[in-house]
Amino acid sequence: MELKTKFGTITVDEEQIIHFPRGILGFADYHRYVLVEREDSIFSFLQSVDEPGLTFVVIMPELVRADYEVELSNEEIDLLQISSPEDGKVYGIVTIPENVAEMTVNLQAPVVINTKERLGAQLIIAGDTFHTKHNVIAEMHKNAYLIQQKSGAAQRTEDISESV
Amino acid sequence: MLVLTRKVDQSIMIGDHVRIVVVDVRGDQVKLGIDAPRHIMVHRHEVYEVIQEENKRAALQREIDVGTLEKALREVRPDAQSDL
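Residue numbers (the working numbering), protein chains in the order written: chain W, 1 to 164; chain C, 165 to 248.
These are calculated hints, taken from the structure and not from any lab test.
The reader is advised that the hints may include incorrect statements.
[Claimed, not checked] Mimicking DSS-like on lysine-lysine, the simulated pairs with C-alpha atoms at most 30 Å apart in a straight line are:
no. : chain 1 : residue 1 : chain 2 : residue 2
1   : C       : K235      : W       : K4
2   : W       : K4        : W       : K133
3   : C       : K220      : W       : K89
4   : C       : K171      : W       : K142
5   : C       : K235      : W       : K89
6   : W       : K6        : C       : K171
7   : C       : K220      : W       : K4
All values reported here derive from a predicted model rather than from experimental measurement.
Chain C extracted, bound-state conformation (with noise of 0.2 Å):
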């Protein structure tokens, strides 16, 4: 990995297009300013990771018809029903 040393309010080019600027270092945290296009997408690394573990899961594996999802929601009797 290559490891950049920065001040506050100095800032790293990926590309031509995307920009991340050093805005503010107190103690462990840091706060970071991003500049990029808007067909990029940016988010916290935790939260990428649980989305898109999730739309790997729902990407469908197997054959299926909608009248099996259907005849799931007339069928069953959620235990929900005792919150209500």
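Same shape as in the complex, but just chain W (with noise of 0.2 Å):
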């Protein structure tokens, strides 16, 4: 199936479709989205299949804060159908603004996906320690730094603090 998106056109196939039984919050009459990653970078985006005019930005937290951990509650791993932590993968939402560098992620409500089962929800997390905007860049490069400092970075740290 072909989607034309925000992003240019894409191929869909079937069994790459993950099913969110709650759809995103605001959006629930939407269940079915794909996840199209991309090598060379670190945004991805989250598109549904059903309206090819819905799509999100999303990045993996921990690009941000490396501390970055979502704890599951038994109905979520039950909805999820999770059986061991490797099946979850954990991505925050990105508002892209006007001005592109001002762009933020939502790491108060993540989108954990488990890629076997082609499951997936967006979790509130409690507290106050995450809320819904996280300056990406100005937290990248203080995640980038503070992994420097404490061992070797990995490569894409390296290429980001090049610029600082």
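Relying on the hints, combine the two individually framed chains into one complex.
Put into structure tokens, the structure is as follows:
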């Protein structure tokens, strides 16, 4: 199936489709998404299969907060049919304002995907450690710096900190 | 809006599958217990609204290419540096 999306035309295979039983908050009617990842970028797209105009940009929260962890409730583990921690991949939804440099990531409500069972859900993390608007660029630089301080940094963070 | 009066330990049903129990009442605070199927999200209204609003802002309004985003990452020098 071909989808004409906001980031170009993509081909979707049935087996790539991830089912979101609860949908994404505010978009409860849409349950089928694909995750479009690129090798050359940290940015991926969470694309609705049923509404080509519905697209979210997502990144891995660890890029912004090295210590980011999501604790799933029993209900959420059941919902996502997660049998081991490796089954779950976590993403943060990025909001891109007019000035792209001010993009923020929502770490309070991450998207968790069971890549094996192709099930996904947006969760809400309790407490006030994380909020919906973490400045991506500022926090990535800070994060890269902290990682470097700790030990040998990954290629990715070296690339980023070059400009620091 | 339908308004029901309940006492502690009494409950109401919403449809066949959602049950809300009044667990405790102290002053102006009410403690509620909720039994719902796992595909139904249960959240405080304020939290739910904040996330919903943010999702609506995040859903792309215009066409975008990854190159623009990557370029911003490489070129922007964040103010946060001064905190380091």
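* What are the numbers of the hints that this structure violates, sorted from low to high? -> Result: hints 4 and 6 break, sorted rising.
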